[in-house]
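Whenever a hint applies, use it, and build me the whole structure from the sequences.
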Amino acid sequence: MPDLGSYAVYVIGAYAVSLGLIGALVWASVARARKVRAQLEEVERRPRHG
Amino acid sequence: MSIWEYANPVKFIRTTDRLLPWLWGVAIACLGAGLIWGFFFTPDDFRQGSTVKIIYLHVPAALMAINAWLMMLVASLIWIVRRHHVSALAARAAAPVGAVMTVIALATGAIWGQPMWGTWWAWDPRLTSFLILFLFYLGYMALWEAIENDDTAADLTSILCLVGSVFALLSRYAVLFWNQGLHQGASLSMDAEENVADVFWYPLLVCIAGFVALFVALVFLRTQTEIRARRTRALRLRERMA
Amino acid sequence: MIALLARDLRLAVRAGGGFGLGLAFFLIVTVLVPFGVGPEAAILRAIAPGILWVSALLACLLSLDRIFALDHEDGSLDLLATAPLPMEGVAFVKAAAHWLTTGLPLVMAAPALGVLLHLPQAGYGWLLVSLALGTPALSVIGTFGAALTVGIKRGGLLLSLLVLPLYVPTLIFGAEVARRGAEGLPVQTPLLMLAGISLGAVALLPFASAAVLRINLR
Chain A
1 MPDLGSYAVY VIGAYAVSLG LIGALVWASV ARARKVRAQL EEVERRPRHG
Chain B
1 MSIWEYANPV KFIRTTDRLL PWLWGVAIAC LGAGLIWGFF FTPDDFRQGS TVKIIYLHVP
61 AALMAINAWL MMLVASLIWI VRRHHVSALA ARAAAPVGAV MTVIALATGA IWGQPMWGTW
121 WAWDPRLTSF LILFLFYLGY MALWEAIEND DTAADLTSIL CLVGSVFALL SRYAVLFWNQ
181 GLHQGASLSM DAEENVADVF WYPLLVCIAG FVALFVALVF LRTQTEIRAR RTRALRLRER
241 MA
Chain C
1 MIALLARDLR LAVRAGGGFG LGLAFFLIVT VLVPFGVGPE AAILRAIAPG ILWVSALLAC
61 LLSLDRIFAL DHEDGSLDLL ATAPLPMEGV AFVKAAAHWL TTGLPLVMAA PALGVLLHLP
121 QAGYGWLLVS LALGTPALSV IGTFGAALTV GIKRGGLLLS LLVLPLYVPT LIFGAEVARR
181 GAEGLPVQTP LLMLAGISLG AVALLPFASA AVLRINLR
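Residue numbers (UniProt numbering), protein chains in the order written: chain A, 1 to 50; chain B, 1 to 242; chain C, 1 to 218.
Where hints are given, some of them may not hold.
[As the list claims (entries may be wrong)] Okay, derived cross-link-like pairs now, EDC-like style, lysine to aspartate or glutamate, Cα gap no bigger than 16 Å in a straight line:
(1) K153/C - D45/B
(2) K153/C - D71/C
(3) K153/C - E73/C
(4) K153/C - D74/C
(5) K153/C - E145/B
[As the list claims (entries may be wrong)] To give an idea of the interface, some chain C residues facing chain B are shown, with a C-beta separation under 10 Å as derived from the structure:
(6) F25
(7) T149
(8) I152
(9) G155
(10) L158
(11) L161
(12) V163
(13) L166
(14) A175
(15) L191
(16) M193
(17) A195
(18) R218
Think of the hints as simulated: they come from the structure by calculation, not from any bench. Every residue gets a Cβ at the ideal spot worked out from N, C-alpha and C, and that includes glycine.
Below, the structure is given as C-alpha cells:
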C-alpha cells in the first residue's frame with residue numbers, strides 16, 4: 001500500500017466510486033446480455049407455426 | 001469487402017463475438033496495469049500530493065464521456081442516411097455507457113476538487129458542461145425507453161441526438177461565456193494534459209487505452225443484446241399472429 | 001398559414017385552452033421566490049433578472065404539451081399533415097401561436113413582476129428586450145420537444161427532460177443580458193448571442209420539428 005498521506009480518503013474514495021460504477025455497468029450489461037440471449041434461444045427452439 | 005457488411009445483424013454478431021474476448025482481455029489488462037501502475041508506483045505530485053492519482057480515472061472517463069456522444073452522433077447519422085438497424089441500436093447501446101462515464105468524471109472531479117479547491121463543486125465551465133452533457137444523456141435514454149415502435153424510436157432519438165449535439169456545443173460556449181462573466185480571472189484550470197510529467201503520462205495512456213477497450217467491448221455487447229432483444233420481440237409477435 | 005394561426009389563437013383563448021395559465025404560473029413562481037430566499041431588497045434585487053428569466057422559462061415549459069396534444073387526439077394533426085401546407089409551415093405556425101399566447105404575455109407581465117423583486121430602474125428595458133428576443137427561441141425549441149413526444153401518453157415529464165437541457169444556452173445569454181442591464185454593464189455581446197440563438201432556432205428548428213412530426217404520424 002503506498003503512502004497516500006492526508007488525502008488517502010479522497011483517493012481511495014475516487015477509486016472505489018469509479019470501479020464500483022464501472023463494475024455495476026459491466027455487471028448490468030452482461031446480465032442483460034445473458035437474459036436476452038436465453039430468451040431468444042427459448043423462442044427460437046419453439047416449433048414455428050405457419 | 002466494405003464496412004457496410006457489418007450492418008448485417010448476423011454478420012455483426014458473428015464478428016463481434018470473435019472480437020469480444022480480445023477486447024475484454026485488452027480492457028482488463030490495460031485497466032489493471034494502468035490503474036495498479038498509477039495507484040502504487042507513481043510518485044505524488046509536489047502540489048497535489050497523492051490526489052494526483054485520481055487523474056487515471058478522471059481523464060479517461062471524461063474523454064470517453066465525450067467520445068461516446070460523438071459515436072452516438074455518427075451512428076445516428078448513419079441510421080438517418082443509410083437506415084442500418086445495427087447503427088441505431090449501437091447508438092442506443094452507447095448512451096448508458098456514456099452516461100456512466102460522465103458520472104465517473106463528475107464524481108472523481110468532485111472528490112478531487114474537495115481537497116484541492118476546497119469545494120466539491122464549482123460552476124466552472126468544464127464542470128457545468130459535463131453536468132449539461134449528463135442531462136442530454138438522460139433525455140436521450142428516456143426518449144428511447146418511452147417509444148414502443150422500434151423504428152420510430154430510432155428515428156426520433158437520432159434527430160434528438162443531432163439537435164442535442166448542436167445545443168450541447170452551444171451550451172459549452174454559453175457556459176464558458178457565462179462563467180467568465182461571473183468570475184473574472186478565476187483560474188480553476190483542470191487542464192491536466194498540458195503539464196503532466198512523463199511519470200504520470202505513461203500510466204495515464206495505458207488507462208485511456210483500457211477505457212477505450214472497455215467502452216468498445218461494452219458497446220459491442222450491448223448492441224448484440226439489443227439485436228437479440230429485437231429479434232425475440234419479432235419472433236414472439238409472429239407466433240402470436242400465427 | 002394565417003388561417004391555422006387564427007384558429008390556434010382562437011382555441012387558446014377559448015375556455016379550457018389554457019391561455020393565461022402560463023401567466024398565472026409566472027406570477028406564482030415569482031411570488032414564491034421571496035418566501036424562499038427572504039424579503040431583503042438587496043438580495044432580491046441581485047437575483048431578480050435571473051429569477052424572472054427562470055420563471056418565464058418554466059411558465060413557457062408548462063404549456064408546451066398543449067401545442068400538439070389536442071390536435072393529435074382529435075385527429076386534426078393528421079388532417080394538417082395531408083393539407084397542402086408543408087409540415088415545416090405547420091411547425092412554424094404552431095410555435096408562433098405558442099409564442100403569441102404564452103411568450104408575449106410573459107414579456108408584457110415581466111416588468112410588473114420586476115417591481116415585486118425590486119429590479120433596479122435600469123434593468124426594465126433590458127429585461128423586456130432580452131425576454132422579447134429569447135422567448136421565441138423558447139417557443140420554437142419547445143415545439144420541437146412537443147413534436148418529439150406527441151405520440152407518447154403522459155409525455156409531459158419526458159418533455160421537460162428533453163427540452164430543459166436545450167434551453168440552457170438561451171437562458172444563459174438571456175439572463176446575462178437582463179443581469180448586465182440591471183447592473184448598468186455593457187450588454188452587447190450576450191445580446192448578440194441571444195439574438196443569434198433565437199434567429200437560428202426560429203430558422204432551423206421548424207425543419208427538425210417537421211421531420212419529427214412526419215415520423216410520429218407515419
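Consistency of the hints with the structure:
Among the hinted pairs, K153/C with D45/B is inconsistent with the structure: their alpha-carbon atoms are about 55 Å apart, more than 16 Å. A threshold of 16 Å between alpha carbons decides the hint, and for K153/C with D71/C the separation of about 14 Å falls inside it, so the pair holds. Proposed proximity of K153/C and E73/C is supported: the alpha carbons are some 10 Å apart, at most 16 Å. Distance restraint check for K153/C and D74/C: the Cα-Cα separation of roughly 14 Å lies within the 16 Å cut-off, and the hinted pair is therefore satisfied.
Between K153/C and E145/B the alpha-carbon distance is near 13 Å, which keeps this suggested pair within the 16 Å criterion. With 10 Å as the threshold, the beta carbon of F25/C stays out of range of chain B, its nearest partner Cβ sitting at about 22 Å, so the hint is violated. For the restraint placing T149/C at the interface with chain B, the shortest Cβ-Cβ distance is roughly 7 Å, inside the 10 Å limit, so the hint holds. This hint holds: I152/C has a C-beta 5 Å from the nearest C-beta of chain B, less than the 10 Å allowed.
At its closest, the beta carbon of G155/C sits 7 Å from a beta carbon of chain B; the interface hint therefore holds under the 10 Å criterion. Satisfaction of the interface hint for L158/C is found here, the shortest Cβ-Cβ separation to chain B being roughly 5 Å, below the 10 Å cut-off. Annotation: interface hint on L161/C holds; nearest CB of chain B at approximately 5 Å, less than 10 Å. Interface hint status for V163/C: upheld, as the beta-carbon distance to the closest one in chain B is roughly 8 Å, under 10 Å.
A cut of 10 Å between beta carbons decides the hint on L166/C: the least distance to chain B is about 5 Å, and the hint holds. This hint holds: A175/C has a C-beta 9 Å from the nearest C-beta of chain B, less than the 10 Å allowed. Interface hint status for L191/C: violated, as the beta-carbon distance to the closest one in chain B is roughly 12 Å, over 10 Å. At its closest, the beta carbon of M193/C sits 7 Å from a beta carbon of chain B; the interface hint therefore holds under the 10 Å criterion.
The beta carbon of A195/C comes no nearer than 14 Å to any beta carbon in chain B, farther than 10 Å, and the hint placing it at the interface is violated. Interface restraint check for R218/C: the shortest CB-CB distance to chain B comes to about 7 Å, inside 10 Å, so the restraint holds.
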